[in-house]
Each structure stands twice: as structure tokens, then as C-alpha cells.
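S.K.: With chain G fixed as given, assemble chain P onto it according to the hints.
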Amino acid sequence: GAVVSQHPSWVICKSGTSVKIECRSLDFQATTMFWYRQFPKQSLMLMATSNEGSKATYEQGVEKDKFLINHASLTLSTLTVTSAHPEDSSFYICSARDMVRTDTQYFGPGTRLTVL
Amino acid sequence: SQQGEEDPQALSIQEGENATMNCSYKTSINNLQWYRQNSGRGLVHLILIRSNEREKHSGRLRVTLDTSKKSSSLLITASRAADTASYFCATDQAGTALIFGKGTTLSVSS
Numbered sequence: 008g009a010v011v012s013q014h015p016s017w018v019i020c021k022s023g024t025s026v027k028i029e030c031r032s033l034d035f036q037a038t039t040m041f042w043y044r045q046f047p048k049q050s051l052m053l054m055a056t057s058n059e060g061s062k063a064t065y066e067q068g069v070e071k072d073k074f075l076i077n078h079a080s081l082t083l084s085t086l087t088v089t090s091a092h093p094e095d096s097s098f099y100i101c102s103a104r105d106m107v108r109t110d111t112q113y114f115g116p117g118t119r120l121t122v123l
Numbered sequence: 052s053q054q055g056e057e058d059p060q061a062l063s064i065q066e067g068e069n070a071t072m073n074c075s076y077k078t079s080i081n082n083l084q085w086y087r088q089n090s091g092r093g094l095v096h097l098i099l100i101r102s103n104e105r106e107k108h109s110g111r112l113r114v115t116l117d118t119s120k121k122s123s124s125l126l127i128t129a130s131r132a133a134d135t136a137s138y139f140c141a142t143d144q145a146g147t148a149l150i151f152g153k154g155t156t157l158s159v160s161s
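Chains as they are written, first to last, in my numbering: chain G, 8 to 123; chain P, 52 to 161.
Quick caveat, the hints were computed from the structure, so don't treat them as lab data.
Every residue gets a Cβ at the ideal spot worked out from N, C-alpha and C, and that includes glycine.
Among the hints, a few may not be true.
Claimed, not checked - In silico DMTMM-like cross-links for lysine to aspartate or glutamate, where the CA-CA straight-line distance does not exceed 20 angstroms:
(1) G:LYS48 to P:ASP134
(2) P:LYS153 to G:GLU66
(3) P:LYS77 to G:GLU66
(4) P:LYS120 to P:GLU106
(5) G:LYS48 to P:GLU104
(6) G:LYS48 to P:GLU106
As the list claims (entries may be wrong) - Here are some, though not all, of the chain G residues that point toward chain P, as calculated from beta-carbon distances under 8 angstroms:
(7) PHE46
(8) SER50
(9) THR56
(10) LEU83
(11) ILE100
(12) GLY117
The following block holds chain G by itself, in its conformation from the complex (with noise of 0.2 angstroms):
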């Protein structure tokens, strides 16, 4: 089946420093993928969609000046983390839609940032 994966798996970094994770597609195009966060215990919330050569689209409460998403090409997306806080300590994940068999998304296996 197709493959995900996201760089890195997880990451400890300092407050106020930034964080890239990119998300790939390995075997198949993707004009648009999802970002995703999860906090303990919780379920997953979607941030924004990254649309391959144009802006991303965020969620109502999610700072697109915060989290910024960059989809260059039609198999990497990738979110950084602006000077993160503790508060943004979650496992992110990212899935992508298969432009051929457009009914099903495929999920990559999250990004734990532990923000100290």
C-alpha cells in the first residue's frame, strides 16, 4: 500500500526555537495533505491543508503565522513550528490524499515535539 513518513519521528527542542517536520508521499502524488495535532489523551484536531504551489488553509484558532506549511513539490509538505512553547508539545501528524484514488488518505506516523 502506499507510504507516508514524516521527518523526524520525534524531537526535543528549546522554548522559543523553531521546528521543520516535512511529511512525504513515497510512492504516489499528492496535491493536498493534512496536518494534524494530538494532545494526550485526545483525538486528533486537523490544523490545516497544504495544497501543492499555493497557500495552505488553516482552522479557525490555529495561527498560520505560528505553524507555517510550505507544499512544494507534489510529494513533500512541511510544517514548522515557530518559536514553540511548551504549550505546543504534541504528536503531529500528516496525511496524504492520492490524487489517483482520491477516496482514500493515507497517514504518516507522527512527530512527537516535546518543547522544554
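M.R.: Just chain P, lined up with the frame of chain G:
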């Protein structure tokens, strides 16, 4: 944003028993999917049921969908300790992101 609720929020059963989880949603959908997540890990896709389907089976899993009531259920038969995980339903409105329910935490004891 979240579509709706899962019920119950937590479920504890013995090995061999059946586990039933329910999901309700708010808007019309293209399909509904169920995922499993072990603690601190990624999502595992379990099953997809389309809006024109009423029931679907996969191994020990049985999913039903009632679009008139905007609800779905996931039944796990003959549960095992390895089924211990969180289970989420997610709705697909065709081309948009999957929207997840709040999830049910299942604990199966041996």
C-alpha cells in the same frame, strides 16, 4: 473541528467478549472510516464504509452505517488483549480532510 462523538468514551471487557463502539456525525458524508491507535503510536486504518453501504465486514470487524441517523458502529468480535487501543471514526466529505471523532479507549483484559 470535529464531526461528532464516539460512545462510549472508554470500554473495558474480558478477552473473548465482543466490543461495540458507536460514532455519530453531523454532516453528510462520502464515506466513514475507522482507525485504531495504540498508545503514543500512529494510526492504523481498519475499514472504510461508503455512504451507500449499510454493513461491511473485515475479519473480526463489523461496521454498520446508518446515514439517516448519521451514525456508525464498530463491532469487534472475540476480542483479544492485543485489541487494546483507542478507536476513532473519521468522516470523509469527498476531497476534504478526514474529520475525527473523539475516540473510544478499549481495554481488553486477559
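S.K.: Given the proposed pairing of G:LYS48 with P:GLU106, does the C-alpha separation stay at or below 20 angstroms?
M.R.: violated (29 angstroms)
S.K.: Holds or violated: the hint that G:SER50 contacts chain P, with Cβ atoms closer than 8 angstroms.
M.R.: This interface hint holds because 5 angstroms falls under the 8 angstroms limit.
S.K.: Tell me if the interface restraint on G:GLY117 is satisfied: Cβ within less than 8 angstroms of some Cβ in chain P.
M.R.: Interface hint status for G:GLY117: holds (5 angstroms vs cutoff 8 angstroms).
S.K.: Mind checking the alpha carbons of P:LYS153 and G:GLU66 for me, to see if they're no more than 20 angstroms apart?
M.R.: Cα-Cα ~17 angstroms, so holds.
S.K.: Hold the hint about G:LEU83 up to the distance rule: shortest CB distance to chain P must be less than 8 angstroms.
M.R.: Status violated, d = 18 angstroms.
S.K.: Run the distance test for P:LYS120 versus P:GLU106: straight-line Cα separation, threshold 20 angstroms.
M.R.: Holds. P:LYS120 to P:GLU106 sits at ~14 angstroms (cutoff 20 angstroms).
S.K.: Can you confirm whether the C-alpha distance between G:LYS48 and P:ASP134 stays at or below 20 angstroms?
M.R.: holds (17 angstroms)
S.K.: Under the criterion that the straight-line Cα-Cα distance not exceed 20 angstroms, is the pair G:LYS48, P:GLU104 satisfied?
M.R.: violated (31 angstroms)
S.K.: Answer holds if the nearest beta-carbon of chain P is closer than 8 angstroms to that of G:ILE100; otherwise answer violated.
M.R.: With a minimum Cβ separation of about 7 angstroms from chain P (threshold 8 angstroms), the hint on G:ILE100 holds.
S.K.: Holds or violated: G:THR56 as interface residue toward chain P, Cβ cutoff 8 angstroms?
M.R.: At 6 angstroms from the nearest chain P Cβ, G:THR56 passes the 8 angstroms test, so the hint holds.
S.K.: Is it true that the CA of P:LYS77 sits at most 20 angstroms from the CA of G:GLU66?
M.R.: holds (18 angstroms)
S.K.: Against chain P, with CB atoms and a cut of 8 angstroms, does the hint on G:PHE46 hold up?
M.R.: Hint violated; G:PHE46 Cβ to chain P Cβ min 12 angstroms, cut 8 angstroms.
Violated hints, in rising order: 5, 6, 7 and 10; the structure is consistent with all others.
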